[in-house]
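**Q** These protein sequence lines map, in sequence, to chains U and B. Positions in the first sequence are counted from 1; adding 423 to them yields the working numbering. Positions in the second sequence are counted from 1; adding 145 to them yields the working numbering.
Honestly, I wouldn't trust all of these hints.
[What the hints assert, rightly or not] With a Cα cut of at most 30 Å, we get these calculated DSBU-like pairs of lysine-lysine:
hint, chain 1, residue 1, chain 2, residue 2
1, U, 493, B, 223
2, B, 187, U, 461
3, U, 461, B, 202
4, U, 426, U, 461
5, U, 461, U, 439
6, B, 187, U, 493
7, U, 493, U, 531
8, B, 223, U, 531
9, U, 531, B, 202
10, B, 187, U, 439
11, U, 461, U, 531
12, B, 187, B, 223
13, B, 228, U, 426
14, U, 531, B, 228
15, B, 187, U, 426
16, B, 187, U, 531
17, B, 202, U, 493
18, U, 461, B, 223
19, B, 228, B, 202
20, U, 461, B, 228
21, U, 426, B, 223
If you're looking for bench data, these hints aren't it; they were derived computationally from the structure.
Each chain, written out:
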Amino acid sequence: AQKVTQAQTEISVVEKEDVTLDCVYETRDTTYYLFWYKQPPSGELVFLIRRNSFDEQNEISGRYSWNFQKSTSSFNFTITASQVVDSAVYFCALSEAESGNTPLVFGKGTRLSVIA
Amino acid sequence: EPEVTQTPSHQVTQMGQEVILRCVPISNHLYFYWYRQILGQKVEFLVSFYNNEISEKSEIFDDQFSVERPDGSNFTLKIRSTKLEDSAMYFCASSEFRSDTQYFGPGTRLTVL
Numbered sequence: 424a425q426k427v428t429q430a431q432t433e434i435s436v437v438e439k440e441d442v443t444l445d446c447v448y449e450t451r452d453t454t455y456y457l458f459w460y461k462q463p464p465s466g467e468l469v470f471l472i473r474r475n476s477f478d479e480q481n482e483i484s485g486r487y488s489w490n491f492q493k494s495t496s497s498f499n500f501t502i503t504a505s506q507v508v509d510s511a512v513y514f515c516a517l518s519e520a521e522s523g524n525t526p527l528v529f530g531k532g533t534r535l536s537v538i539a
Numbered sequence: 146e147p148e149v150t151q152t153p154s155h156q157v158t159q160m161g162q163e164v165i166l167r168c169v170p171i172s173n174h175l176y177f178y179w180y181r182q183i184l185g186q187k188v189e190f191l192v193s194f195y196n197n198e199i200s201e202k203s204e205i206f207d208d209q210f211s212v213e214r215p216d217g218s219n220f221t222l223k224i225r226s227t228k229l230e231d232s233a234m235y236f237c238a239s240s241e242f243r244s245d246t247q248y249f250g251p252g253t254r255l256t257v258l
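Starting from the given sequences, assemble the full structure and let the hints guide the process.
**A** Structure, rendered in structure tokens:
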């Protein structure tokens, strides 16, 4: 069965610090997709990134970077030089492709607080 | 930039009443979803919809729930007889293809009294 674990419930950092949010997943499929979504205090879910299981290249987008390692079933998210606007709950999610399951399975989320 | 919209943003209802939550997916998307998030908890899948029929549903999506695409733009979630435990944020999402990125609406906060 598919599962996403975000072991860090809450993280608090001071502005300009780097922070890494951990995500570990479980799946039996060899083809799957991993996602990160941001949920700011206003409540909406904002898409950040989608990676497929065959693409292990790390990705950088501005201050955001993602480290995908199939060997450890992890898809970690790093924010460099954090800002107050980064304060939000961040969800990692998994979607399996082979079994026909397309729904997203979410982790419990990590609440990030960036203090000025 | 196209986005998913949802109405109302907040719905308050009495236990046992029927509610209909409305969503307008992104216009060229073919797959539609409903998720819910009980306050402070993770986002949970309810149902997916493609080609005018349910393609998958979770255990949460029991007989009191139904979905419909009444016209070419709207996608609705109906809860027939609301319970206190239905209080949650309900998110609609859509994607262009199966397994593609799902884009979420802003959510409808449902409060059942």
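**Q** Does the structure keep residue 187 of chain B and residue 461 of chain U at a Cα separation of 30 Å or less?
**A** Holds, because 12 Å separates the two Cα atoms, which is no more than 30 Å.
**Q** Has the given pair, residue 426 of chain U with residue 223 of chain B, been kept, meaning a C-alpha gap of at most 30 Å?
**A** 28 Å, holds
**Q** Please work out if residue 187 of chain B and residue 531 of chain U have their alpha carbons no farther apart than 30 Å.
**A** Since the Cα atoms of residue 187 of chain B and residue 531 of chain U sit roughly 5 Å apart, the hinted pair holds (cutoff 30 Å).
**Q** Within a Cα-Cα threshold of 30 Å, do residue 461 of chain U and residue 223 of chain B meet the stated pairing?
**A** 27 Å, holds
**Q** Is the hinted pair residue 426 of chain U and residue 461 of chain U satisfied, with a Cα-Cα distance of at most 30 Å?
**A** 19 Å, holds
**Q** Are the Cα atoms of residue 228 of chain B and residue 426 of chain U separated by 30 Å or less?
**A** Status holds; Cα separation ~28 Å.
**Q** Straight-line Cα separation of residue 461 of chain U and residue 202 of chain B no greater than 30 Å?
**A** 24 Å, holds
**Q** Please verify whether residue 187 of chain B and residue 223 of chain B have alpha carbons no more than 30 Å apart.
**A** This hinted pair holds, its Cα atoms lying about 22 Å apart.
**Q** Given the proposed pairing of residue 531 of chain U with residue 228 of chain B, does the C-alpha separation stay at or below 30 Å?
**A** 24 Å, holds
**Q** Does residue 531 of chain U sit within 30 Å of residue 223 of chain B, going by the straight-line distance between their CA atoms?
**A** Given that 30 Å is the threshold and the Cα spacing comes to 26 Å, the pair holds.
**Q** Compare the distance between the alpha carbons of residue 461 of chain U and residue 439 of chain U with 30 Å, and conclude whether the hinted pair is satisfied.
**A** 19 Å, holds
**Q** What's the verdict on residue 187 of chain B and residue 439 of chain U, does the C-alpha distance respect the 30 Å limit or exceed it?
**A** It holds: about 28 Å lies between the C-alpha atoms, which stays within 30 Å.
Hint compliance for this structure: hint 1 alone is broken.
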